[in-house]
Amino acid sequence: MTAFQTSRIFKFTKKHDIELVKQLIHVVDAYRVNKFLEIDDLNKDIRAGRIGEEVAIEWKNRIYPILISFASMPLRIEGVKRNLKIRALLRLFKPLSGALAFLFFFDATFGFILPQYTPITPISAILALILFGTLAAIGFSEVFINIRIAKIIDRFFDERSYRFKSDKERLKDFNQRLIKGLSAYYQRYNITDEKEKQIILFNNDYENIEIKKKPGVFKKHYEVIIK
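Okay, so the sequence shown: first residue is 1 according to our numbering, each after it adds one.
Check each hint, because a few of them may be wrong.
Here are the computed distance ranges between Cβ atoms for each label pair [claimed, not checked]:
1) D45 x R188: 19 to 27 Å
2) A48 x R188: 17 to 25 Å
3) G98 x T192: 44 to 52 Å
4) L90 x R47: 19 to 27 Å
5) G79 x A48: 31 to 39 Å
6) A136 x K15: 49 to 57 Å
7) G98 x E38: 22 to 30 Å
8) P95 x R155: 29 to 37 Å
Listed below are the simulated BS3-like cross-link pairs for lysine-lysine, each with C-alpha atoms no more than 27 Å apart in a straight line [to be verified]:
9) K11 x K81
10) K85 x K60
11) K11 x K212
Treat the hints as calculated values from the structure; they're not laboratory data.
For glycine and all other residues, C-beta sits at the position ideal for the given N, C-alpha and C.
All chains should be built: construct the whole structure from the sequences, respecting the hints.
This is how it looks when you write it as C-alpha coordinates:
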(Lines of atoms letter the chains of each structure in order from A and count residues from 1; the text may use other names and numbers.)
(Lines give C-alpha, C1' and ligand atoms only; values in the text may rest on other atoms or scores of the structure.)
Protein backbone atom coordinates (compact mmCIF):
# COMPACT_ATOMS: atom_id res chain seq x y z
CA MET A 1 0.00 0.00 0.00
CA THR A 2 1.33 3.43 -0.90
CA ALA A 3 1.00 6.67 0.97
CA PHE A 4 -1.27 8.08 -1.73
CA GLN A 5 -4.04 5.47 -1.84
CA THR A 6 -6.62 7.69 -0.17
CA SER A 7 -6.92 9.53 -3.50
CA ARG A 8 -10.12 8.85 -5.39
CA ILE A 9 -10.23 7.05 -8.69
CA PHE A 10 -10.76 8.85 -11.98
CA LYS A 11 -14.12 8.63 -13.70
CA PHE A 12 -14.34 8.07 -17.46
CA THR A 13 -17.29 8.26 -19.83
CA LYS A 14 -17.80 7.78 -23.56
CA LYS A 15 -16.77 11.37 -24.20
CA HIS A 16 -13.23 10.53 -23.10
CA ASP A 17 -10.48 9.03 -25.26
CA ILE A 18 -10.09 5.61 -23.63
CA GLU A 19 -7.19 4.59 -25.87
CA LEU A 20 -5.33 7.67 -24.62
CA VAL A 21 -5.98 6.57 -21.03
CA LYS A 22 -4.44 3.17 -21.83
CA GLN A 23 -1.47 4.86 -23.49
CA LEU A 24 -0.99 7.04 -20.41
CA ILE A 25 -1.02 4.00 -18.12
CA HIS A 26 1.57 2.27 -20.32
CA VAL A 27 3.88 5.29 -20.37
CA VAL A 28 3.68 6.02 -16.63
CA ASP A 29 4.28 2.33 -15.91
CA ALA A 30 7.33 2.38 -18.20
CA TYR A 31 8.82 5.29 -16.25
CA ARG A 32 8.50 3.22 -13.07
CA VAL A 33 11.07 0.80 -14.54
CA ASN A 34 13.30 3.54 -15.99
CA LYS A 35 12.07 3.28 -19.59
CA PHE A 36 11.76 6.91 -20.57
CA LEU A 37 9.35 7.06 -23.50
CA GLU A 38 8.55 10.16 -25.54
CA ILE A 39 5.71 12.14 -23.91
CA ASP A 40 5.40 15.37 -25.93
CA ASP A 41 2.32 14.31 -27.91
CA LEU A 42 0.80 12.62 -24.88
CA ASN A 43 1.27 15.79 -22.86
CA LYS A 44 -0.52 17.89 -25.49
CA ASP A 45 -3.47 15.48 -25.70
CA ILE A 46 -3.91 15.28 -21.94
CA ARG A 47 -3.71 19.04 -21.46
CA ALA A 48 -6.27 19.44 -24.25
CA GLY A 49 -8.75 17.67 -21.96
CA ARG A 50 -9.22 14.49 -23.99
CA ILE A 51 -9.37 12.32 -20.86
CA GLY A 52 -10.90 14.80 -18.46
CA GLU A 53 -10.01 17.90 -16.51
CA GLU A 54 -9.23 16.03 -13.29
CA VAL A 55 -6.57 13.90 -14.98
CA ALA A 56 -5.20 16.94 -16.82
CA ILE A 57 -4.75 18.90 -13.59
CA GLU A 58 -2.97 16.10 -11.75
CA TRP A 59 -0.87 15.35 -14.82
CA LYS A 60 0.24 18.96 -15.13
CA ASN A 61 0.92 19.60 -11.45
CA ARG A 62 2.32 16.28 -10.23
CA ILE A 63 2.93 13.52 -12.77
CA TYR A 64 4.45 15.36 -15.75
CA PRO A 65 7.12 17.09 -13.61
CA ILE A 66 8.17 13.71 -12.18
CA LEU A 67 8.49 12.16 -15.64
CA ILE A 68 10.50 15.10 -16.96
CA SER A 69 12.78 14.91 -13.93
CA PHE A 70 13.33 11.17 -14.39
CA ALA A 71 13.95 11.48 -18.13
CA SER A 72 16.61 14.16 -17.59
CA MET A 73 18.60 12.05 -15.11
CA PRO A 74 20.47 9.83 -17.63
CA LEU A 75 21.98 12.87 -19.35
CA ARG A 76 23.83 13.59 -16.11
CA ILE A 77 25.34 10.10 -15.85
CA GLU A 78 28.84 9.99 -17.33
CA GLY A 79 28.59 6.39 -18.56
CA VAL A 80 25.33 7.13 -20.36
CA LYS A 81 26.67 10.28 -22.02
CA ARG A 82 29.72 8.43 -23.32
CA ASN A 83 27.63 5.60 -24.78
CA LEU A 84 25.17 8.04 -26.33
CA LYS A 85 28.06 9.72 -28.19
CA ILE A 86 29.24 6.35 -29.50
CA ARG A 87 25.70 5.47 -30.61
CA ALA A 88 25.35 8.84 -32.35
CA LEU A 89 28.54 8.17 -34.33
CA LEU A 90 27.31 4.73 -35.34
CA ARG A 91 24.02 6.20 -36.52
CA LEU A 92 25.95 8.77 -38.53
CA PHE A 93 27.84 6.07 -40.43
CA LYS A 94 24.83 3.77 -40.82
CA PRO A 95 23.07 5.53 -43.76
CA LEU A 96 26.37 6.14 -45.55
CA SER A 97 27.38 2.48 -45.25
CA GLY A 98 23.92 1.41 -46.40
CA ALA A 99 23.95 3.68 -49.44
CA LEU A 100 27.41 2.52 -50.52
CA ALA A 101 26.54 -1.14 -49.91
CA PHE A 102 23.51 -0.95 -52.19
CA LEU A 103 25.46 1.05 -54.78
CA PHE A 104 28.15 -1.63 -55.02
CA PHE A 105 25.54 -4.39 -54.88
CA PHE A 106 23.65 -2.98 -57.87
CA ASP A 107 26.91 -2.34 -59.70
CA ALA A 108 27.90 -5.97 -59.20
CA THR A 109 24.44 -7.21 -60.22
CA PHE A 110 24.10 -5.15 -63.39
CA GLY A 111 27.77 -5.51 -64.18
CA PHE A 112 27.29 -9.24 -64.47
CA ILE A 113 24.67 -8.61 -67.18
CA LEU A 114 26.20 -5.53 -68.83
CA PRO A 115 29.91 -5.54 -67.92
CA GLN A 116 30.77 -2.85 -70.45
CA TYR A 117 28.82 -0.22 -68.44
CA THR A 118 30.25 -0.96 -64.99
CA PRO A 119 34.04 -0.83 -64.95
CA ILE A 120 34.38 -1.39 -61.17
CA THR A 121 32.30 -4.59 -61.14
CA PRO A 122 35.23 -6.94 -60.29
CA ILE A 123 35.53 -5.47 -56.79
CA SER A 124 31.93 -4.31 -56.31
CA ALA A 125 30.70 -7.64 -54.96
CA ILE A 126 33.52 -7.77 -52.40
CA LEU A 127 32.94 -4.16 -51.33
CA ALA A 128 29.20 -4.77 -51.06
CA LEU A 129 29.76 -7.77 -48.79
CA ILE A 130 32.15 -5.78 -46.60
CA LEU A 131 29.70 -2.90 -46.29
CA PHE A 132 26.71 -5.16 -45.58
CA GLY A 133 28.87 -6.77 -42.90
CA THR A 134 29.61 -3.32 -41.53
CA LEU A 135 25.89 -2.54 -41.42
CA ALA A 136 25.23 -5.74 -39.48
CA ALA A 137 28.05 -4.91 -37.07
CA ILE A 138 26.62 -1.42 -36.52
CA GLY A 139 23.19 -2.92 -35.84
CA PHE A 140 24.56 -5.37 -33.27
CA SER A 141 26.64 -2.61 -31.69
CA GLU A 142 23.57 -0.41 -31.30
CA VAL A 143 21.69 -3.21 -29.57
CA PHE A 144 24.64 -3.83 -27.25
CA ILE A 145 24.99 -0.11 -26.46
CA ASN A 146 21.25 0.22 -25.75
CA ILE A 147 21.44 -2.70 -23.32
CA ARG A 148 24.51 -1.19 -21.66
CA ILE A 149 22.80 2.21 -21.33
CA ALA A 150 19.72 0.57 -19.79
CA LYS A 151 21.88 -1.27 -17.24
CA ILE A 152 23.74 1.91 -16.27
CA ILE A 153 20.45 3.77 -15.81
CA ASP A 154 18.92 0.94 -13.77
CA ARG A 155 21.99 0.83 -11.53
CA PHE A 156 21.84 4.61 -11.04
CA PHE A 157 18.22 4.48 -9.89
CA ASP A 158 18.69 1.31 -7.82
CA GLU A 159 21.59 2.82 -5.90
CA ARG A 160 19.43 5.87 -5.11
CA SER A 161 16.10 4.08 -4.60
CA TYR A 162 15.47 5.96 -1.34
CA ARG A 163 15.66 9.24 -3.27
CA PHE A 164 13.07 8.24 -5.87
CA LYS A 165 10.79 6.07 -3.71
CA SER A 166 8.14 8.73 -3.06
CA ASP A 167 7.90 9.78 -6.73
CA LYS A 168 7.67 6.17 -7.93
CA GLU A 169 4.93 5.46 -5.39
CA ARG A 170 3.04 8.48 -6.69
CA LEU A 171 3.33 7.16 -10.25
CA LYS A 172 2.03 3.77 -9.14
CA ASP A 173 -0.90 5.32 -7.28
CA PHE A 174 -1.77 7.53 -10.26
CA ASN A 175 -1.78 4.48 -12.53
CA GLN A 176 -3.83 2.45 -10.06
CA ARG A 177 -6.51 5.13 -10.03
CA LEU A 178 -6.52 5.22 -13.84
CA ILE A 179 -6.85 1.41 -13.96
CA LYS A 180 -9.71 1.42 -11.46
CA GLY A 181 -11.35 4.17 -13.46
CA LEU A 182 -11.10 2.05 -16.61
CA SER A 183 -12.43 -0.98 -14.73
CA ALA A 184 -15.49 1.01 -13.67
CA TYR A 185 -15.89 2.34 -17.23
CA TYR A 186 -15.88 -1.17 -18.75
CA GLN A 187 -18.43 -2.36 -16.20
CA ARG A 188 -20.66 0.69 -16.63
CA TYR A 189 -20.86 0.23 -20.40
CA ASN A 190 -20.84 -3.58 -20.27
CA ILE A 191 -17.66 -3.90 -22.36
CA THR A 192 -16.54 -7.53 -22.38
CA ASP A 193 -14.22 -7.70 -25.41
CA GLU A 194 -10.78 -8.51 -24.00
CA LYS A 195 -9.04 -6.84 -26.95
CA GLU A 196 -10.57 -3.51 -25.93
CA LYS A 197 -9.40 -4.01 -22.36
CA GLN A 198 -5.87 -5.17 -23.20
CA ILE A 199 -2.82 -3.18 -22.17
CA ILE A 200 0.96 -3.65 -22.04
CA LEU A 201 2.63 -3.22 -18.63
CA PHE A 202 6.11 -3.67 -17.19
CA ASN A 203 4.87 -4.09 -13.62
CA ASN A 204 2.24 -6.49 -12.30
CA ASP A 205 1.63 -4.93 -8.88
CA TYR A 206 -1.70 -3.29 -9.71
CA GLU A 207 -5.20 -4.25 -8.64
CA ASN A 208 -7.93 -4.87 -11.24
CA ILE A 209 -5.66 -6.50 -13.81
CA GLU A 210 -5.46 -10.05 -15.13
CA ILE A 211 -2.18 -11.26 -16.62
CA LYS A 212 -2.58 -12.96 -20.00
CA LYS A 213 1.07 -13.28 -21.02
CA LYS A 214 4.17 -13.02 -18.87
CA PRO A 215 7.58 -11.67 -19.93
CA GLY A 216 9.80 -14.04 -21.92
CA VAL A 217 13.38 -14.17 -23.11
CA PHE A 218 12.99 -11.30 -25.57
CA LYS A 219 9.70 -9.83 -24.37
CA LYS A 220 10.16 -7.85 -21.16
CA HIS A 221 6.55 -6.87 -20.54
CA TYR A 222 3.22 -8.28 -19.41
CA GLU A 223 0.12 -8.46 -21.57
CA VAL A 224 -2.82 -7.84 -19.25
CA ILE A 225 -6.49 -6.97 -19.38
CA ILE A 226 -8.32 -4.55 -17.11
CA LYS A 227 -10.92 -6.45 -15.12
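Evaluation of the provided hints:
no., hint, result
1, D45 x R188: 19 to 27 Å, "23 Å, holds"
2, A48 x R188: 17 to 25 Å, "24 Å, holds"
3, G98 x T192: 44 to 52 Å, "48 Å, holds"
4, L90 x R47: 19 to 27 Å, "36 Å, violated"
5, G79 x A48: 31 to 39 Å, "38 Å, holds"
6, A136 x K15: 49 to 57 Å, "50 Å, holds"
7, G98 x E38: 22 to 30 Å, "25 Å, holds"
8, P95 x R155: 29 to 37 Å, "32 Å, holds"
9, K11 x K81, "42 Å, violated"
10, K85 x K60, "32 Å, violated"
11, K11 x K212, "25 Å, holds"
In summary, the structure is inconsistent with hints 4, 9, 10 from the numbered list given earlier, while agreeing with the others.
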